[in-house]
Amino acid sequence: MFKKSLIGTLAMAAVLAGGAAQSKTLVYCAEGSPENFNPMINTTGTTFNANRPIYNRLVEFKPGTTEVGPGLAESWTVSPDGLTFVFKLRHNAKWQSNKSFKPTRGFNADDVIFSFERQWKDSNPYHKVSGGGYDYFNDMSMPDLLASIDKVDDYTVRFVLKKPQAPFLANLAMDFATIQSAEYADVLMKAGKPEQIDQEPIGTGPYEYVQYVRDATIRYKAFPGYWGTKPKIDTLVYSINKDPAVRLAKLRANECQISFGPLPADLPGIKADKNLQLISQAGLNIGYLAFNNTKAPFTDQKVRVAINMAIDKKAILDAVYQGAGTPAKNLIPPTLWSYNTKVEDFKYDPAAAKKLLAEAGFPDGFETDLWAMPVQRPYNPDARRIAELMQSDLAKVGIKAKIVSYEWGEYRKRVQNSEHGMALLGWTGDNGDPDNFFVPLAGCAAARVGGGSASKWCNKEFEGIVQKAAEVTNQAERTKLYEQAQVIMHREAPFYLIAHSVVFLPMRANVTGFKLSPLGSFEFNNVDLK
Amino acid sequence: MLRFLLGRVTLILPTFVCVTLASFLLIHAVPGDPIEVRVGEHGIAPERLAMLRHQFGLDQPLWKQFLDYETQLAHGDLGNSVVTHASVWDEFLTLFPATVELGVCALIFALVVGLPLGVIAAVRRGTAFDYGLMGVSVTGASMPIFWWGLMVILVFSVFLGWTPVSGRIGDAFFVEPWSGFMLIDSWYSDDEGAVWSALTHLILPTIVLGTVPLATIARMTRSSMLEVLGDDFIRTARAKGLSPLRVVVVHALRNALIPVVTVVGLQVGGLMGGAILTETIFAWPGIGHWLVEAIQRRDYPVLQGGTLVIAVLVMAVNLGVDVTYGFLNPRIRK
Amino acid sequence: MRDFWRSFSQNRGAVLGLLLMVGLIILAVTADIAAPFSPIEQYRDAFLAPPVWMEGGSFRYVLGTDDVGRDILSRLIFGARLSLMIGFMVVALALSVGTTLGLAAAFAGGIVDIVIMRLMDVILVFPSLLLAIVIVAILGPGLFNAMLAVSVVILPSYTRLVRASALSELARDYVKATRSAGAGTLRLMFAVVLPNCLAPLIVQASLGFSNAILDAAALGFLGLGAQPPTPEWGTMLAGALQYYQRAWWVLAFPGLSILITVLAFNLFGDGLRDALDPKLKR
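Residue numbers (our numbering), protein chains in the order written: chain F, 1 to 530; chain D, 1 to 334; chain V, 1 to 282.
Be aware that a few hints might be false.
[What the hints assert, rightly or not] Only part of the chain D face toward chain V is listed, based on derived beta-carbon distances under 8 Å: (1) Thr10; (2) Val19; (3) Ala22; (4) Ala141; (5) Pro144; (6) Leu150; (7) Leu160; (8) Trp162; (9) Thr200; (10) Val268; (11) Met272; (12) Gly273; (13) Ile276; (14) Val309.
Read the hints as simulated data drawn from the structure, not as lab findings.
Glycine included, every Cβ here is placed at the ideal spot set by N, Cα and C.
Take these sequences, add in the hints, and give me the full structure.
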């Protein structure tokens, strides 16, 4: 048995080594299957990551930052009133090809118009193709924002907005703003299989789609016609493994060279392993326990503060995040501009908490429910475990919390419908703007029943400041306003803020040129194997 | 015989309609719909929710949705997945071979190991071997296979490093999936290591999924052999001075096989349940995996289509067993 | 009865099963005294402590602790209580409903028979675990709902069994005689026919016990059964998944407990079957 498998391993190693001489293959152990190959109609990071090798956007986040740089648009100008954006397009971008499509032209303005109108206009023949739920396009309120998109000439496109909005350019760098080929769309429409545009993708990116074996592997090869720096890897493979322990085992065995999301518990072992390197990036996220501020006793600020003092944050970070998290004291992560360093977190002090509860009229505590989501999220590696730790801490100050869990979709719906007492949840930033945290999580509009906010917190003072910050364009001024908002939020304590998770990425020691994005996206353009 | 067959077949159509109705109702009774599940932390505006619901036909009354679904089925269309937007039938076809490959390997493993063990135990009745084997087989039949799978991974893949942890083949191999059966496809690929890789990936899941059938088959073979060995014709054969091996293998085993074969037939249904757990543990991209995920994503078309196809398959297997029985045992033909 | 005991006690496996069962029952009943700690108390100074015989282990936590510092031995002992309860409830539920449905089908015949048996066919056509998962998805995860789901899934075998044996009893002369003597249908059902179908039912029930425990544990393993911090064995396994490569004991012991319990009931059930009904012996 052992002997045989040894031969097998040797044979495999030989194949790998032999392959490496002619062409370089990089295997990335991914955490899940993409839903399909079009970021417009999806919302998960997994799908975005699977598409990023293939497609480009007009503007793109510079690797490793939230800064916007050129993509398919070489340059752009913004009118003084902030309403008109004119993009000059790249002349040298080519479309990839596959069995059913050979492009006759390069990328031009028609493709831009097609890609936005597909998401925007009912009249576009592709609007309803593949279900037609353009969630991000709508979430970013593009329909309310866009007045018109025109082709000025083949390589110039003009966007006109209905009202000025500072983060608009950053929105265009998000994955939903991917550019698809209008010519491919026409060919497929004529062939009567338009859905194929989202199953067998054609893009302008560094890698071409080769094969997707459902729930197993995605294969790409370097696209020789790519307009940017040619990738150094010839074959890129995403190996799909849901189990983090399995992904790590494969990395250790050099079956993959980069591996997604290690378990916090495994980090020390990875650091100690000479064959591996570990890079990390503070995640643009927040994991929290939201009090339902519309329900007694959480309407009482004293109760909220008492719970903030009753739960041992350090124990949670040690036991669950295990070093892969920074304790949170503000709603926004420290990497985001306007983070208020002066805010001081509540001290863990069960005695003081008990006293405060007594002042609020609950000397013997009370009974409530504590909701925990059933799934692992980027900001919360194990909600049920955290709930168990919290439950045990709360019991010590007399609060009897019952752990409640629903299936993930159901869970969010019920939280949004305000059925909870306290609920674990969190958020990952989309475009690197503080507005993208404060408004959806603590704004009054989201606090209505059915709204996205889990705290259901609506504080007039806070709301006024945040609203004002969204309208002014001067960043220094905005920073001041947001800092002020954080002070109010700390005083009112509508959440028990747990942690900002740190994103870790283990890879083989010979991998170079990989940069982690704070937005959690993966790019393999500049990766190489030594 | 024809009447018997006809009787069984006419029973199938109402069962089939009941199955479509049951799967439809059950799945729609699960709280949450595909759109709500998709929403994520962002939440969704009520107007947009209503619009998307309308687009997917989810705002229709349930009976209308069901009738639409039946009409669609009558046209031979299982619909498209709400999540991937690919055709349910295509998805089924790409994933089913993986499940079949695993199931067949597990059955073969169970037969190849279980039959001889059962025969030996019967021949050596009352010996330590017999007792040991029966102990092991009742343990095997009691095995919680989700735990068994993990333990096997822990020992063979993690501690010893002998076998790959999960999947169907090493990622380095590029295999064109024309049959869907990895063993066959890898044979035709250019990489000589591919077949070996596919084989090593199959070992652990096969053992895990095959454990319960193996235990059942070994026990069944033993008791059925014991019965046959006591029969007159065996005694006659022995008296005639035929070699013991010949008596056991040629005369006894052949007769003892009939009940064993029926048990194997019955195991096929049970294998599906085991496949769900085995595929989950070994990240084996098959039907069980697919359906469990569809439940989580409220992918109605996939769930309905998938359960339906499986139900039809189970019905077909049951019919096959019934018919074989009818042939073997004319008494129940009436 | 004496005959029964004689034939039962000759079966060594069955006696072993019985002993194991008795041991489990004693543990379950005395869990409060037998367990060294509370099953849900977290000892924050001892996350993932190894079992006593390993380096770093101590007699304080004989089988080690889990990732939030709970004593595994204590959780296993309280888990025995849950598992026996699950087995009992599921079988009791399936048995009572199945018997009623089976008798109704056998006695009423015609349309009632067809409807009931078609319904059972439909249940049987779905892979049982898949059906159980869907039912739990409808009802929401939880121990009670998981038990309900398992009961529904195993219902057809009881219904079919009762119907088949009732039908064969109904054809016998003594039933015809009782009926012509003017006995009511209910009396005929429960006082005359049912007692004569009992032997196969008891066997089925004792073997069903083990299946019920297995299925409920599988649901717990998939995160759909008992919710944490309940010390249900399957749920413990689900919680152990993240840590098993580093701390094998969080995985090994709960699974071993399930195996031993199921084994005990299977051995006992086999013995019972052989002793009660030699005809069924195979």
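How the hints compare with the structure:
1. Thr10: Constraint on D:Thr10 not satisfied, violated at 12 Å.
2. Val19: holds (6 Å)
3. Ala22: At 5 Å from the nearest chain V Cβ, D:Ala22 passes the 8 Å test, so the hint holds.
4. Ala141: holds (6 Å)
5. Pro144: Holds, about 5 Å.
6. Leu150: Constraint on D:Leu150 satisfied, holds at 6 Å.
7. Leu160: Hint on D:Leu160: violated, closest Cβ of chain V at ~13 Å, above 8 Å.
8. Trp162: violated (16 Å)
9. Thr200: violated (20 Å)
10. Val268: Violated, about 11 Å.
11. Met272: Cβ of D:Met272 sits 4 Å from chain V, so the hint holds.
12. Gly273: holds (4 Å)
13. Ile276: holds (5 Å)
14. Val309: With Cβ-Cβ at 11 Å, over 8 Å, it is violated.
Comparing the model with each numbered hint stated earlier shows that hints 1, 7, 8, 9, 10, 14 do not hold.
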